[in-house]
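A.B. asks: Fit chain B to the known structure of chain A by using the hints.
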Amino acid sequence: MEIDALLLSRLQFAFTVSYHILFPAFTIGLAAFLAVLEGLWLWTKRDAFKTLYLFWVKIFAISFGMGVVSGIVLSYQFGTNWSEFIRITGGVIGPLLAYEVLTAFFLEASFLGVMLFGWKKVGPRLHFLATVLVAVGTSISAFWILSANSWMQTPQGFEVLADGTMRATDFAAVIFNPSFPSRLVHMLLAAFLTTGLVVGAASAYRVLKERAQKGGGGPVEGWTESRIGLVMAIGLVAVVAPLQLLAGHWSGEVAHEHQPLKTAAIEGYWETRADQPLHLFGIPDRAAQKNHLEVSIPGVGNMIQNVPRDEVIKGLDQWAPDDQPPVFIPFFAFRVMVGLGLLMIALGLGGAWLHWRKRLFDSPWFLRFCVAMGPSGFLAVLAGWMVTEVGRQPWLVYGVLRTRDAVSPVTTAEVATSLIAYISVYAVVFTAGAIFILRLMAEGPVAAAAEPDPRQDRAPGSALAKAPADTTPGEDA
Amino acid sequence: MLDLPLIWAGLIATAVLLYVVLDGFDLGVGILFPFAKRKEERDVMMNTVAPVWDGNETWLVLGGGGLLAAFPGAFSVLMPALYLPVLLMLAGLILRGVAFEFRFRARDRGRKFWTQMFAGGSILTAVAQGLILGGFIQGVTVVDGRFAGGTFDWLTPYSLLVAAGLVAGYALLGGAWLMMKTKDNLHGDAKRWTLIAAGAVAALLAAVSLATLYIHPRIASRWGFDLSNGFALDWAALAPLLVIPAVGLAGLAMVFVMARKGSHRWPFVGAIAVFLSGYLGLAASFTPYVAPYALDYRQAAAPDNALALMLWGTAFILPLILIYTAWVYWVFRGKVDEESGYHH
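Each protein sequence line maps, in turn, to chains A and B.
Read in the numbering used here, the first sequence has 96 at position 96, and its numbers run on one by one without any break.
To convert, count from 1 in the second sequence and add 1000; that's the numbering used here.
Isolated chain A (complex conformation) (with noise of 0.2 angstroms):
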């Protein structure tokens, strides 16, 4: 394969959109959850829920920032490093991101401030609309750009012109296009899934410590909060996972409909034929157009994907390898998503049951189970997003317009130099925020929730009572 231009800016654009990705997983769901906690604590008044959630909206802060900037850099990419592909299909999918920005970004960006910012500017009231609208906003976005996505997927809806540029001829069918809802429903159950599994985890890493720390004794601090917040998730989970499944199995039906190529190389299906068997594991070879130690159960491919026995499902071999996509990534990518989500039943009907039993708290593995499944979400969102997008490849709005036909007239020395800068400034930002966020999470609900003193801030020395009067000159006016 030749480094050129199109392979970096390839590399470019997965690298800075898998980064990106972890952000709206996480702070999608965390969102809802904070709006949540803040009604619960509305409503109920009691304390535990305010200290959950003054902790949790730290942590928000930290995830939503850093996805607002790199969000940012792919608004910017696509023209930078995608520019044909948004001359020839802008008129089409641009009023879509305009609408991202017009209905969600200004909504959340806006009221963050005030619900970071605000607690002691507006009335308990007005905070929680602040925290509700930034969660609606959130998902209102994960429309628009699901919705974009997805007509990549599966286009319609559109024209193309004399001059090689696409109109819409109908908005609502370029909107509304057959992947889209499939996809937006288990798009955001990933999201919500992701939170919870997180939430879950910090919830029973801090159950475990003051378990450890108790040592028999009384109740220790953030005892109460700790239990509220692995509850929860676990009853998201418990919830979220099972349908997760059912709309996984919904948007992998419309793919076999829309993208049989797509589906073909997911299952590792070469051969044209009806009675296709599924491959467990396997190591598909493109080379050779076959898999290599196929471990299959056969007859039952076609249950899977809902259709008779005797129907005919497409393999690979109906398209030249040339027009294929690299097999291998989604054919695995696929497995480690499905394999997580079964995890994650396991977690959520497993941890339902102990809390039924009474058991959830006393289950030291069950506990570390959780911690252990904390990063589980996110690596099921980014093996879930290569199994579509690698899928798709050859192409990138699928059938109309192949990707090596939509990058930009740049050199391979600037792509080089910009995929660089984005690896190294992202290492850094990455780095610095995890600590962060793993550092309020072993500090736990309580520690950490607590409204910082700005006394205690001060630089030594620099004794309040010292501090000058306004001496301000001039008139406020």
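None of these hints come from the bench; they were simulated from the model.
Mixed in with the good hints, there may be bad ones.
Derived BS3-like pairs: lysine-lysine, alpha-carbon spacing no greater than 27 angstroms straight-line [what the hints assert, rightly or not]:
| # | chain 1 | residue 1 | chain 2 | residue 2 |
| --- | --- | --- | --- | --- |
| 1 | A | K120 | B | K1335 |
| 2 | B | K1261 | A | K121 |
| 3 | A | K358 | A | K45 |
| 4 | B | K1335 | A | K121 |
| 5 | A | K50 | A | K209 |
Footprint (simulated), chain A over chain B, 3 or more residues, beta carbon under 8 angstroms [stated by the list, open to error]:
| # | segment |
| --- | --- |
| 6 | 1060-1068 |
| 7 | 1311-1321 |
Cβ-to-Cβ under 8 angstroms is the rule here; a few derived chain A residues that face chain B [as the list claims (entries may be wrong)]:
| # | residue |
| --- | --- |
| 8 | V69 |
| 9 | A109 |
| 10 | K121 |
| 11 | F176 |
| 12 | H256 |
Glycine included, each C-beta is placed from N, C-alpha and C at the ideal position.
C.D. replies: Quick look at chain B alone, frame taken from chain A:
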């Protein structure tokens, strides 16, 4: 029938102007960061913009996203042409954006590092935006609707001069903002910074204006100057445009006079007038181009049905955005001091 491309050119120009003024003052606060004397004063400086910077920056996303959606032809030409300065701007925005939270969370050495990143990122962003503006004024090479120039077309002494001017301009906005939002010693420092920045802006604005007239005959002729052989002036062309530099001079005068008189708010208004003048000056020089001097707003526009779809939403949503943005500024009105502490 509405002239949709024209309306959208106006809307995007307004969004970019709002961005330049709003993010301008919070970038300016970052540019002035190295001059603050104490950590507590830097805390206050940051706290004056912390609740609003994210909303301010969203106007940049609207400017970029709006250009993408309304003028895909221009967006797909300008971005590759300005590849490296856009990269620098994004890197600067990332470092300063995360610094708001990170600087507060970090300890000792980490805090120092993120203090530097906030200042460095703000300066880098301002310089990069100046280079983008300079490169934009110089124009881009377009063949067959695609960018066809070189990697460093934007890098000239002229674009560096524009970058210096924009850094000074943002420092002026930031200083005047701090005069309005702080008190005591920090207010005194802000006043000094504002006056120095205003002096630098006056000099650089004059230099950029002259350089533009000399280097770009096309713009010079629009202002009634013909400097190709000797000096010729067409008063009829220049006279109606003179109101633009007049607004700028009035703004500068307001900054100097009102700051000396001890006003806390009028210098900020004066600084906005200076930016308005510079911006209108550019608009008068470029109309009707959205990718100088290759594509005008009609050639680069998206199909009418895309523009119409966006316009209906915008007509309803944009006033709403302006209302709640104003409300957020109202919530955080008044002076910020060290006792206000931080936030959540």
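A.B. asks: It remains to establish, for every hint, whether it holds in the given structure.
C.D. replies: So, going through the hints one by one against the coordinates:
Taking the CA atoms of K120/A and K1335/B, the gap is about 15 angstroms. The hint holds against a cut of 27 angstroms. Restraint check for K1261/B and K121/A: the C-alpha separation of about 32 angstroms exceeds 27 angstroms, so the hint is violated. Taking the CA atoms of K358/A and K45/A, the gap is about 25 angstroms. The hint holds against a cut of 27 angstroms. Our distance criterion of 27 angstroms between C-alpha atoms is met by K1335/B and K121/A, whose separation comes to about 13 angstroms.
A C-alpha spacing of about 22 angstroms is found between K50/A and K209/A, which places the hinted pair at or below 27 angstroms, so the restraint holds. Check on the segment 1060-1068 of chain B: 7 of its residues sit with their Cβ under 8 angstroms from a Cβ of chain A, so the three-residue criterion for coverage holds. For the segment 1311-1321 of chain B, the assignment as covered by chain A holds, since 5 residues bring a beta-carbon within under 8 angstroms of that chain's beta-carbons and 3 suffice. At a threshold of 8 angstroms, the smallest CB-CB gap from V69/A to chain B is about 4 angstroms, leaving the interface hint in force.
Because the closest C-beta pair between A109/A and chain B is about 4 angstroms apart, less than 8 angstroms, the hint holds. For the restraint placing K121/A at the interface with chain B, the shortest Cβ-Cβ distance is roughly 5 angstroms, inside the 8 angstroms limit, so the hint holds. With a cut of 8 angstroms, the hint placing F176/A at the interface with chain B is violated, because the nearest CB-to-CB distance is about 14 angstroms. Annotation: H256/A was flagged as interfacial toward chain B, and the flag is violated, the nearest CB pair being 32 angstroms apart, outside 8 angstroms.
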